[in-house]
Amino acid sequence: MTKYRVLLLSEGFGSGHTQAAYALSSSLRKISPNIQTRVLELGSFLNPKVAPLIITAYKKTVISQPKLIQMMYKSQYKKSINRLATLALHRIFYTHTHNVIRQLRPDVIVCTHPIPGAVIARLKRLGLRVPLCMVITDYDAHGTWVIPEVNRYLVSTNGVRSKLQLRGIDSSRIHVTGIPVHPNFWEHPSKAEIRSRFGLKDMPTVLVMGGGWGMADESISSQLTGYADDVQFLFCFGSNEKAYERARQDRRFNHEHIHLIRYTKEIDKLMEVADLLVTKPGGMTCTEGLAKAIPMLFYNPLPGQEEHNSQYFTEQGWGEPITSPGIVHQWMNLLIHDYEAVVTQRQLKLEQIDRYNPTECARSIMDMVEQSKVLT
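Residue numbers (UniProt numbering): 1 to 376.
Careful: at least some of the hints might be erroneous.
Stated by the list, open to error - Derived pair list, reagent style SDA-like, types lysine to any residue, alpha-carbon separation capped at 20 angstroms:
| no. | residue 1 | residue 2 |
| --- | --- | --- |
| 1 | Lys269 | Met203 |
| 2 | Lys242 | Asn254 |
| 3 | Lys269 | Asp202 |
| 4 | Lys349 | Leu297 |
| 5 | Lys349 | Thr157 |
| 6 | Lys349 | Pro189 |
| 7 | Lys30 | Ser364 |
| 8 | Lys242 | Arg252 |
| 9 | Lys201 | Asp230 |
| 10 | Lys269 | Ser190 |
| 11 | Lys124 | Glu149 |
| 12 | Lys191 | Lys201 |
| 13 | Lys124 | Asn151 |
| 14 | Lys201 | Tyr227 |
| 15 | Lys124 | Asn99 |
| 16 | Lys265 | Ser190 |
| 17 | Lys265 | Trp186 |
| 18 | Lys242 | Asp217 |
| 19 | Lys30 | Glu360 |
| 20 | Lys349 | Asp338 |
| 21 | Lys191 | Pro295 |
| 22 | Lys191 | Lys269 |
| 23 | Lys349 | Glu187 |
| 24 | Lys201 | Leu260 |
| 25 | Lys191 | Ala293 |
| 26 | Lys349 | Pro321 |
| 27 | Lys3 | Gln36 |
| 28 | Lys349 | Pro183 |
| 29 | Lys269 | Leu200 |
| 30 | Lys242 | Ile258 |
| 31 | Lys201 | Val342 |
| 32 | Lys124 | Arg105 |
| 33 | Lys3 | Asn34 |
| 34 | Lys3 | Met366 |
| 35 | Lys124 | Arg102 |
| 36 | Lys201 | Glu256 |
| 37 | Lys124 | Ser372 |
Worth flagging that the hints you see were computed from the coordinates, not collected in a lab.
Sequences and hints are given; from them, build the entire structure.
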């Protein structure tokens, strides 16, 4: 029996890109027993000492200087990664990329971050014949995603497709598939079993997230704790141990209805039992919330892609930005005094998302794999 090999490449600049790669890996193996997948954060894999330092520096910049991130995002918005930058990246980080590809012998390479995409594109210009697929993991199309050597783009919406077309990408190379999330997010296990497992009560529940880096808004978190007599809160801190410890030692979080959670791979289950998600609007988190049909409140979007994510989900009626403390107060009152209406509205949303195909991304990649086998 023929085995197909798919190499999925990402980078650790935020957790969403790599989550998308692993979600695709799971979906591919679920729809075909003949698929072998490998997920790599390419920089960390090839330079395990240097790459974490760069990612840490980026994280500190995001937290301490968001206006600088905004300026960089906007100044480069319509620009692709130029060939000089690609060459520099290749020499500094990815000198051995071609050897990795030669060893793994993938039938298709999928990139969920533009940097490895640019590196693979350069290898294609030098003779690499493996098809390249790019998965855009936000609800916008920054110029760095625009790479002529990409054989197929998988994008979230028709709006993103239009932006790529305006930048010269032929429509035949763009497939609107939605952003891939782990298959677990499309399943709906017993809420009673989840509550029992996590020690939760059957009452209005709010899940508060700050992304994989745990970038919580302490003022919003503090406001939420004031409703803990009537609402159950699940505060997820991701990998941010400092924020977790601060909350654990803060008496405002010392309440039987407040649960502090470190990094977990079971966000899908927590979203299932939650009635409201308060979060930063990362592309992956928003899409996971969409799959669960959970209403969302967005805070502190990073300048650039998170702003676009927040705008898109607000326009579609799936979320709302926290523009004032009154927004939080309004939702808490709704959960406390009109809980059944919140539950009913979510059920209607679940019926609406039936039109989404959660395996569309994986099936598009399978199509590329099968085509590559025919050509060889």
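Verification of the supplied hints:
1. Lys269 / Met203: holds, 16 angstroms
2. Lys242 / Asn254: At roughly 17 angstroms apart (the allowed maximum being 20 angstroms), Asn254 and Lys242 satisfy the hint.
3. Lys269 / Asp202: Between Lys269 and Asp202 the Cα gap is close to 14 angstroms, so the pair holds against 20 angstroms.
4. Lys349 / Leu297: This hinted pair holds, its Cα atoms lying about 16 angstroms apart.
5. Lys349 / Thr157: holds, 18 angstroms
6. Lys349 / Pro189: Measuring from Cα to Cα gives roughly 17 angstroms; hence the hint holds.
7. Lys30 / Ser364: holds, 14 angstroms
8. Lys242 / Arg252: Roughly 17 angstroms separates the two Cα atoms, so the pair holds.
9. Lys201 / Asp230: holds, 11 angstroms
10. Lys269 / Ser190: holds, 9 angstroms
11. Lys124 / Glu149: holds, 7 angstroms
12. Lys191 / Lys201: holds, 10 angstroms
13. Lys124 / Asn151: holds, 11 angstroms
14. Lys201 / Tyr227: holds, 15 angstroms
15. Lys124 / Asn99: Within the cut-off at roughly 14 angstroms; holds.
16. Lys265 / Ser190: holds, 18 angstroms
17. Lys265 / Trp186: holds, 15 angstroms
18. Lys242 / Asp217: Measuring from Cα to Cα gives roughly 14 angstroms; hence the hint holds.
19. Lys30 / Glu360: holds, 12 angstroms
20. Lys349 / Asp338: Roughly 17 angstroms separates the two Cα atoms, so the pair holds.
21. Lys191 / Pro295: holds, 17 angstroms
22. Lys191 / Lys269: holds, 8 angstroms
23. Lys349 / Glu187: holds, 15 angstroms
24. Lys201 / Leu260: Holds, at roughly 15 angstroms.
25. Lys191 / Ala293: Holds, at roughly 15 angstroms.
26. Lys349 / Pro321: The given pair, whose Cα atoms are some 19 angstroms apart, holds under the 20 angstroms limit.
27. Lys3 / Gln36: holds, 7 angstroms
28. Lys349 / Pro183: Measuring from Cα to Cα gives roughly 18 angstroms; hence the hint holds.
29. Lys269 / Leu200: Holds, because 12 angstroms separates the two Cα atoms, which is no more than 20 angstroms.
30. Lys242 / Ile258: holds, 18 angstroms
31. Lys201 / Val342: Within the cut-off at roughly 17 angstroms; holds.
32. Lys124 / Arg105: holds, 14 angstroms
33. Lys3 / Asn34: Holds. Lys3 to Asn34 sits at ~5 angstroms (cutoff 20 angstroms).
34. Lys3 / Met366: Given pair Lys3, Met366 holds - Cα atoms ~12 angstroms apart, limit 20 angstroms.
35. Lys124 / Arg102: holds, 13 angstroms
36. Lys201 / Glu256: It holds: about 10 angstroms lies between the C-alpha atoms, which stays within 20 angstroms.
37. Lys124 / Ser372: The given pair, whose Cα atoms are some 15 angstroms apart, holds under the 20 angstroms limit.
Going through the hint list in order, the structure satisfies each hint without exception.
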